Each structure stands twice: as structure tokens, then as C-alpha cells.
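2 protein chains.
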Amino acid sequence: MKRVKIAEILSQPEIGKEILVKGWVRAFRSNRFIQINDGSTINTLQAVVDFEKFDEAILKKITTAAAVGLKGILIESQGTGQAVELQVSEIEIIGEANPDDVQRTVMQPKKHSLEFLREQAHLRFRTNTFGAVFRIRHAVAFSIHNYFNQRGFFYLHTPIITGSDAEGAGEMFRVTNLDPKNPPLNEDGTVNFKEDFFGKAVNLTVSGQLEAELAALALGQVYTFGPTFRAENSNTSRHLAEFWMIEPEVAFNDLLDNMNLTEDFLKYICNYVMENCADDLKFLNDREVQEQSQKPQNERNELSLIERLQFVVNNEFKRLTYTEAIEVLKNSNHYKKKKFQYDISWGIDLQSEHERYLVENE
Amino acid sequence: MKRVKIAEILSQPEIGKEILVKGWVRAFRSNRFIQINDGSTINTLQAVVDFEKFDEAILKKITTAAAVGLKGILIESQGTGQAVELQVSEIEIIGEANPDDVQRTVMQPKKHSLEFLREQAHLRFRTNTFGAVFRIRHAVAFSIHNYFNQRGFFYLHTPIITGSDAEGAGEMFRVTNLDPKNPPLNEDGTVNFKEDFFGKAVNLTVSGQLEAELAALALGQVYTFGPTFRAENSNTSRHLAEFWMIEPEVAFNDLLDNMNLTEDFLKYICNYVMENCADDLKFLNDREVQEQSQKPQNERNELSLIERLQFVVNNEFKRLTYTEAIEVLKNSNHYKKKKFQYDISWGIDLQSEHERYLVENE
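If you read the sequences in order, they're chains A and B. Under our numbering, the residue at position 235 of the first sequence is numbered 235, and the numbers go up by one with no gaps. Here our numbering = 1-based position in the second sequence + 1000.
These aren't lab readings, by the way, just hints derived from the structure by calculation. Treat each hint with caution, since some may be false.
Unchecked claim - FRET-style restraints, in silico, Cβ to Cβ:
1. A:Asn315 x B:Pro1099: 19 to 27 angstroms
2. A:Gly347 x B:Lys1194: 38 to 46 angstroms
3. A:Glu119 x B:Leu1350: 52 to 60 angstroms
4. B:Thr1080 x A:Gly347: 39 to 47 angstroms
5. B:Asp1188 x A:Leu185: 20 to 28 angstroms
6. B:Leu1350 x A:Asn258: 49 to 57 angstroms
7. B:Glu1232 x A:Leu185: 36 to 44 angstroms
8. A:Gln297 x B:Glu1014: 53 to 61 angstroms
9. A:Ser345 x B:Asp1188: 50 to 58 angstroms
10. B:Pro1099 x A:Glu242: 44 to 52 angstroms
11. A:Asn258 x B:Asp1286: 35 to 43 angstroms
12. A:Ser234 x B:Glu1232: 54 to 62 angstroms
What you are looking at is a predicted structure, and each value in this text was computed from that prediction instead of being measured. Backbone N, C-alpha and C define an ideal beta-carbon position, used for all residues, glycine too.
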């Protein structure tokens, strides 16, 4: 019998049908109610066991985090809190979970801090928070490909290992196969990279822009979506050592075309996620609202997560010239109170604090 | 006026409409017929210029590889070889191309060897061959994402820089920020990788399988599609230093499920490409047929490129056990004539020569 995914069962329940579900136990109450999740959705299916019909040795193995297969008839739920439930006729224990071990992990069914989740990277996919994050990340990634494909862009896999420093965007990681302690040397005492794998010194890419521009000048419209790297040891939210970056390049576009593309692109992604990840977004939204409620009033976000996405979708992006941006910044109270770290005058490169002020206040 | 892409014009021509096309000149014949391509398709649009209406200085700049904008009315073609053509009313020279320079490049409109194309990596996107290859590669990549998304798989970006050797799959590239000549040393004289960027020795990933398996045990169905690396200095068609790999991982799947997934997946991709890249496939098919025709009869491929794709789609994949595979190999004339490099007995790991024999002959 082919297993059915819980996302399908809950979105299109067929009452009276015999089905097979496989997943992981989230909770087992009163020797009777199993909450089972299979990762296809944040929601669990309630499965009801008549404990008199099953061997106690089997029931004892139905513990949090255990992998089980449950066969039974889908019925309208007798209790509240769920529309349907599974009346279990067969139980298969696929993988046991030691309750003492589970106690020490993020699989214990309660709220954990993000720091604790970070320490158990191998288990955190099992939590509601990371499940939601990774399902949403998938939807974002797919919507990006879908957006560009629908508009005739071609996806380009630009080189990861490169001999060029695309845009001087930052410190680079070196990629090498030379002996780390005794590298071959030239006569002048410098390292002889001709002996390295590619016959020269190479790095991890900081951008696929160079190759994307070449491709755009032939294919018309291309985009990259792949990993890029920065070796700066800075703990800012803007720069990670490794992250996936999207770079569209379009031949014959002018600045207005590029601004239109950016705005349309971002709105499309936000819309796609709101339409396709409602349950996961609601969970993260509620988690944030609850966290915010513990903060002093003046430190709370004005808008919730979902409200912020709606704000992006429902408003035209404000557009202003560089000169106007400098004007706005110089006339701001923030500037007058000397709250910017970097000074402002026409001609400077805007710093992230400046960009952030413009986005948040204009 | 917004430019229209040639792919759209040719697939849904609106006779009598004024349109703007931007692209690159492939040829300019008789001071009258411009073949223009914009990368959206392998096909060119014929644009007809009444040379008496334009300044000769402008016409002189319409040379192979020049970037131009052409405005005009789309009409039914007077000549043969194309259904529609553009009656040009305005010409904009966007970027000139020096004919002497173009002579030395792959942009010269004739057939070039793949080796010559390789030497001009920055220009090869402009050729029919690489245009076709990259448009098809896009279609393959998109169909992969589409296939998995439709079936409820979640796309996972697994780490590129890693401290683990996922499957002992091969030699790894080291990623480092240490001084290449004078790395910091421990007291025992070994390199002190605690001083390196991540506080330990790290490499480029050979596989995202480890993380994908963890994710599958929580999200149910996941796939990776990202760059992986091998530092072996072997010039085989199976191992590149850098390549994009797809790894699906599914919880609760058995071997039969995995075989079904593989077959369905490959057929879906082949079908998608045949449906969406007919013109590009035909070009590559014809190129191959022409090359094959120059070979002795007994060295030619049995099937053409398109026939091979159709063969994959229209046949059930043969499935056999390991034991059966060993039997087939041992009973083959290839084996009896000692043509395999590696000997065959039950228990060995199959080598690529063995896998290849099975695929090509069974």
C-alpha cells in the first residue's frame, strides 16, 4: 500500500478511505492519541489507537520522535482541534527513539531557543520552527526559478572556483591542493602556484556577475542563483562566509527597467510564499508575536511578519535619485542628532546604516 | 517603446504591427538584409532595410556581432526561408563591432571546432552551439526543480564548505585563509588549523548527502541541486573538478520506490527538453549527424541525439539485480575476449566499464 502524505490528507480529506501514513511521533497521549508528522506540512495528523487491540510491547515503542507506519480508516474527528483523524488498524514500528535521549534534544515537544536549535543542527529539521523555515526556503527558491523561467530568463551555473576577483567585493577563500605545511616554492621564495591543481592560485567566487554579463550579451536575459563566498571575519547580518545569491543580468535594460524588474520580482516572491506557505508563515508569525509581546512596547516591531510581507506587496516601492537620498539623510533628525557612524556628503558611497535608514523611514 | 523578443515574434507573429527588436547582427547581406538574433531563440529574424532611406555612415556600422535596435513593421516575408520579416523604419547602433576583430573570433558566422570555442570562453555564448547548449541546460535545470516541486520535495542548499568527508567519494579541495607560505604551526610542527577561518581544516563538499539525509528524516522528501567538487586529476568524462549534482533523499522509500523515482525523473526531463527546446535540439542533432557522417560507418552512433532521447522516454528501463548483472557480464563476449580492464566475480564493485557495458548492450 502506498503511503499518503499528511499535507494531502489534511487538504483533501477522503472520509472513510483506508490509508497508510508514515512519519514521526510528536506525542502519544493516554495510550490512545498519536500526533504524527511527516514533514510535508507543519500540521500533525491525529491517529486514534484502541489500546486493547494492540500488544503492549508495540504501544511502548510509540514514543516521541519514533518513526512509525499507521494504517487505518480516515474518519471525522470525535474530538475538537482537528477535522479528521485516523482510526488505526495496523501499526508498524519503523524506528524506535529512546525517550531518555529525546529528553536531551530539540525533538522534545516544547519551544526551544534558536541557540539551542543551532547546537543540534542534525536534529533541528525535526522542529516546527526549522521545518517551517526550510519549507518556506524551498518555496522562495522555487518561486525565484519560476519567476525567471516564465519571463524567458536563462539560468546560469557560473564557476564557483575562479581565478578572478569579480568585483573586489571582499576577502576571498583560497582553494588549494598544495601541501599546507611545505608548499613548493619558486626560486624567489614565493609559493609556486603553478604546481597547484589548476596551475595557478584560485579562490571561491564572490559573484557570478562577470560570467552572467557575458551570457546576457548573447542570450539576452540570464540569472545566477548559486553559492558565493566572503572570507571577512565580520559578524554582520549582511555578510556570511557562504550564502546563495541571485544575480539577473539583462541586455538592453536601462535603470528604469532594472528597478521595475526588482520590484516586480520581490513582490512575486512575497505573494508566492503567502499563497503557498500559509500554515508555516502563520506559525513563524505567531512565534514572533509571542516573542515581541515579552519586549517593552517601544522595542516591538510595528508590523508582524505577515503584515510586513503584505506591506511589500501592497505598496509601490518609493524611488529616489542618489541626490535625493543624500538630501533626505542630511535633513533627517537622525543625522542632526549625530546618530550615523559615517558622515554624509554628496559623493560618498552609502553605508548600510544609510540604506537602512532610508528603507525604514522613507 | 518596449522591445519584443524574437522568440515571441516568431512563435506568435502579428503581421502589420510596429515592433522594436534589439539584438546582435549575425549577417548583413546586399546592404539590405539583416539577420538579427537576441538570444531568446536560436533563430534569427530577417530585417529588411531600404538603403536609400538611411545614412551610409549608419549602414556601415551594421556589421556581424554589432548590437542594434531595429524598429519597424512586421510583414509577411517576400523571400523564401522565413515566414515573416521586419520592414525597418528606424535603426539604432547600440554597440559597434570591429570587423577585423570579429574575423578572429568565434562570432565569425561559420562552424567552429569545440576546441576553438573553448579558447574563447568569453565569446562562445554568441555561437549557435553554445546558445543551444545553455538554453537547453536552463530547461533541464528548471525541469528538475519543477519535477521535485510538483511532487512535494523540498529543495535544500547543503553546505559547500564542510569539515566532513561525506562519502569518501574522492580527493577534496582545501579551503583556507592561512598564509600559503608560512602557515602557523603547532608545537609538534603540524599546521595549526585552529588559526584558519573556521578554526579547523575544511574542504569543498563532495556531496550534500549527509545533510540531505538528516533533512529527509524530518521533511520527508528533499533534494539537493548544487555544486560539488573532486580534486582528482583524472581526465574522465565522469569526474569534473566542479559540477552540479542532484541528490534526492526520501524517507520510507525502498529500493523499488527509488528505482521508480529515477526512471520517472529521467523520462520527465527528456520529455520536457524535447517539448520546450525543439529548435535548439534540432540544431545540435543536425550538427552531430553531420559530424557522424564524416566517420567510418562502424564508428557512427546507432541513434541520433533526438532518437536517443526518444529511446529513453519510450522504453521501460531494464532492471536487474547485482547477481544478474555479474552473470550478464561473465557471459558476455566482451568478457570472453578479455576486453574488460577489471576482472569480474561476485562481490566486486562494478567499474564504470562494466556499468557502461550493461547500459549499452542489455
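Hint check results:
1. A:Asn315 x B:Pro1099: 19 to 27 angstroms: Check failed, 51 angstroms falls outside 19 to 27 angstroms.
2. A:Gly347 x B:Lys1194: 38 to 46 angstroms: At 43 angstroms between Cβs, range holds.
3. A:Glu119 x B:Leu1350: 52 to 60 angstroms: At 41 angstroms between Cβs, range violated.
4. B:Thr1080 x A:Gly347: 39 to 47 angstroms: About 59 angstroms separates the Cβ atoms of B:Thr1080 and A:Gly347, which means 39 to 47 angstroms is violated.
5. B:Asp1188 x A:Leu185: 20 to 28 angstroms: Distance hint for B:Asp1188, A:Leu185 holds at roughly 23 angstroms.
6. B:Leu1350 x A:Asn258: 49 to 57 angstroms: Given about 52 angstroms between the Cβ atoms, the range holds.
7. B:Glu1232 x A:Leu185: 36 to 44 angstroms: violated, 25 angstroms
8. A:Gln297 x B:Glu1014: 53 to 61 angstroms: holds, 60 angstroms
9. A:Ser345 x B:Asp1188: 50 to 58 angstroms: holds, 55 angstroms
10. B:Pro1099 x A:Glu242: 44 to 52 angstroms: holds, 45 angstroms
11. A:Asn258 x B:Asp1286: 35 to 43 angstroms: holds, 38 angstroms
12. A:Ser234 x B:Glu1232: 54 to 62 angstroms: 35 angstroms Cβ-Cβ, so the 54 to 62 angstroms window is violated.
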